[in-house]
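Participant: Take a look at the letters that make up each chain.
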Amino acid sequence: MGEVILEVQHLSKHFTVDKGTFGKNKKVLKAVDDVSFQIHKGETFGLVGESGCGKTTIGKMLVNLYQPSGGKILFEGEELTGLKPAQRRQYCKDIQLIFQDPYASLNPRMTIGDIIAEPILINKLLPADQVEERVTYLLNRVGLANHQRNRYPHEFSGGQRQRVGIARALAVEPKLIVCDEPVSALDVSIQAQVLNLLSELQEEFGLTYLFIAHGLNVVRHISDRVGVMYLGKMVEIGPKKELYSNPLHPYTQALLSAAPSIGNKKKERIILKGDVPSPINPPKGCRFCGRCFKKEEGCEGYVPELKEISPGHFAACRLLSGE
Amino acid sequence: MALKKTAAVELTAQEKPESELKSIWESLKLSKTAVIGMVIIILLILIALVTFITEKMGIQILPYNPNEADMSASFVAPCAEHWFGTDELGRDIFSRIMDGTKISLFVGFSVVIFSMFFGIILGAVAGYKGGVIDTVIMRFMDIMLSIPGILFAITLMAALGKGLDKAIIAIGIVSIPEYARIVRGSVLSAKESDYTQAARVIGNKDIRIIFKHILPNVISPIIVRATLGISGAILDTAALGFLGLGVQPPLAEWGDMLGRAKGYIFSAPYTLVFPGLAITLAVLAFNLFGDGLSDALDPKSRKR
Numbered sequence: 000m001g002e003v004i005l006e007v008q009h010l011s012k013h014f015t016v017d018k019g020t021f022g023k024n025k026k027v028l029k030a031v032d033d034v035s036f037q038i039h040k041g042e043t044f045g046l047v048g049e050s051g052c053g054k055t056t057i058g059k060m061l062v063n064l065y066q067p068s069g070g071k072i073l074f075e076g077e078e079l080t081g082l083k084p085a086q087r088r089q090y091c092k093d094i095q096l097i098f099q100d101p102y103a104s105l106n107p108r109m110t111i112g113d114i115i116a117e118p119i120l121i122n123k124l125l126p127a128d129q130v131e132e133r134v135t136y137l138l139n140r141v142g143l144a145n146h147q148r149n150r151y152p153h154e155f156s157g158g159q160r161q162r163v164g165i166a167r168a169l170a171v172e173p174k175l176i177v178c179d180e181p182v183s184a185l186d187v188s189i190q191a192q193v194l195n196l197l198s199e200l201q202e203e204f205g206l207t208y209l210f211i212a213h214g215l216n217v218v219r220h221i222s223d224r225v226g227v228m229y230l231g232k233m234v235e236i237g238p239k240k241e242l243y244s245n246p247l248h249p250y251t252q253a254l255l256s257a258a259p260s261i262g263n264k265k266k267e268r269i270i271l272k273g274d275v276p277s278p279i280n281p282p283k284g285c286r287f288c289g290r291c292f293k294k295e296e297g298c299e300g301y302v303p304e305l306k307e308i309s310p311g312h313f314a315a316c317r318l319l320s321g322e
Numbered sequence: 000m001a002l003k004k005t006a007a008v009e010l011t012a013q014e015k016p017e018s019e020l021k022s023i024w025e026s027l028k029l030s031k032t033a034v035i036g037m038v039i040i041i042l043l044i045l046i047a048l049v050t051f052i053t054e055k056m057g058i059q060i061l062p063y064n065p066n067e068a069d070m071s072a073s074f075v076a077p078c079a080e081h082w083f084g085t086d087e088l089g090r091d092i093f094s095r096i097m098d099g100t101k102i103s104l105f106v107g108f109s110v111v112i113f114s115m116f117f118g119i120i121l122g123a124v125a126g127y128k129g130g131v132i133d134t135v136i137m138r139f140m141d142i143m144l145s146i147p148g149i150l151f152a153i154t155l156m157a158a159l160g161k162g163l164d165k166a167i168i169a170i171g172i173v174s175i176p177e178y179a180r181i182v183r184g185s186v187l188s189a190k191e192s193d194y195t196q197a198a199r200v201i202g203n204k205d206i207r208i209i210f211k212h213i214l215p216n217v218i219s220p221i222i223v224r225a226t227l228g229i230s231g232a233i234l235d236t237a238a239l240g241f242l243g244l245g246v247q248p249p250l251a252e253w254g255d256m257l258g259r260a261k262g263y264i265f266s267a268p269y270t271l272v273f274p275g276l277a278i279t280l281a282v283l284a285f286n287l288f289g290d291g292l293s294d295a296l297d298p299k300s301r302k303r
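These protein sequence lines are chains A and B, in that order. Number 322 marks the last residue of the first sequence (numbering that gives the first Met the number 0); no jumps. Number 303 marks the last residue of the second sequence (numbering that gives the first Met the number 0); no jumps.
Excised from the complex, chain A in its bound form:
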């Protein structure tokens, strides 16, 4: 395992939904609550969880779209939280984001050549006369032709647009790329192409990925390590093989049993009761408690911490911590 490139410590993001009257009845949505993890250089860290569990919020905090409400983000040992806007902007060169929806993430009034050249120009990475050449290179690298550079985004298909999004992220030569469900808006046949492109680029440029997805299958294909989130909390982190063959947390077990697979059809499905509780005023203690099929007495109100159960494999469950 390489050195740690990104470390997130006790990161939280709370949104005030209702200010209430003079602070009374204040409603706070805890999108991300006390999450810690590390990403190593050169690896792909998969982040899974159902919609609304806070995985995109974490990604957006890493690229400065949201300000964390608490906790620290350390990039190559430097703390990013609490920096002044101008200083924080310096790290745009290092951490980039690939958006989920390629139809919305490209400015409809700019040609794709301009879209890819913009990050180079505003960060003054190259002298003006070399930008053209670099854009050509990037276009070719992501599988687009140079003669398409003067076209507008609406003239492209979803897969092609996502390639433009990838080229834009690559333009600043980042070290870490947050991929926010980059293939979930695409056709299955295109998904594979884009995923393969991402893998190739990782190898070629030595990139590190934080790969956010809601489906375990895509994550399984691309990740080295996987983190599972539930309702703003990290419930399990482990190496891919270990996590898929030996899921520890009841939620991960349920999630895995729900993933469609070819072959062992007799696999028993774990069906969870109820719905995900609202992240506004979530259950105290273990957040999965109300739906857990392994719930025991004493689980309610207990706040489980992420604990290392086997080397590199963490889970947050009272039953596993042996208390």
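No wet-lab data here; the hints were simulated from the structure. All values reported here derive from a predicted model rather than from experimental measurement. Just so you know, even glycine gets a beta-carbon here, dropped at the ideal spot from N, CA and C. Only true hints are included.
Which stretches of chain A does chain B cover? Using the computed rule of at least three CB atoms under 8 Å from a CB of chain B, they are:
no., region
1, 60 to 73
2, 84 to 96
3, 114 to 122
If you anchor each label on the Cβ, the simulated ranges turn out as follows:
no., chain 1, residue 1, chain 2, residue 2, range
4, B, M56, A, H153, 41 to 51 Å
5, A, L124, B, P215, 21 to 31 Å
6, A, V27, B, V135, 19 to 29 Å
7, B, T32, A, L120, 37 to 47 Å
8, A, Q86, B, G243, 55 to 65 Å
9, B, V34, A, E154, 23 to 33 Å
10, A, I270, B, S145, 51 to 61 Å
11, A, E154, B, T32, 26 to 36 Å
Derived DSS-like pairs: lysine-lysine, alpha-carbon spacing no greater than 30 Å straight-line:
no., chain 1, residue 1, chain 2, residue 2
12, A, K40, A, K306
13, A, K83, B, K204
14, A, K23, B, K128
15, B, K211, A, K92
16, A, K23, A, K71
17, A, K29, B, K204
18, A, K174, B, K211
Take the given structure of chain A and dock chain B to it, following the hints.
Facilitator: For chain B alone, kept in the frame of chain A given last:
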């Protein structure tokens, strides 16, 4: 071999961006009223330019000097020599209306540019920054909107003094809130869009995000409002002129002509009718064009 050839062809054929202007024009053409409005506007602009340039060059193209009084020919009813008749000082009304075109158009465009400039800045800042800045700017705009427009303009004129330039500033200030509101609303929705977030992720500064990424995408409603705003400004100038606050005599201005003629409404109605028609025509033209433009700029209602 064949493959290589196609690749070479593809590389040389640099494709030009599809012109959006062209498609807007295509759909604008389909609306008859918009085309009528546009023809009248072009005609008015031509009249304004020709009278302005010939006046500067000292050539008299109009049948009479619009500002020269001829007391011996006052209140001549429309006839072959004086198409629209003459006013109380014997000035040819047709010449005065032609001459007044440039003032009305100049005021219309200047007011819109003035109020659009400040409206866009205030609205964009309010929408993008939000919070206290938004509240302060928009509540101030609400206060301005709560005062009837023409009354507000008259009050401003009282403070600034008479004259065309003062009228432009007064009417311009009064129209700022309309633009600020439209811009703020559009910016609010565009601010949350993915492409704006993407612009922030790659390290854009706020100013550049507003002007490069947000405003170009929300410009359509602003352009439509501006077109309609020109007619509003022409009308407001006429109203100020009617009240004697706009252009100072002897310069010809439609509202001022209307105001002077009101005393002779029964004895010489033509002194009143023709300036009134000129105002109506100009306002109608910009309104028709603005309505058509608003349809043409909306991709959903664009006819193919």
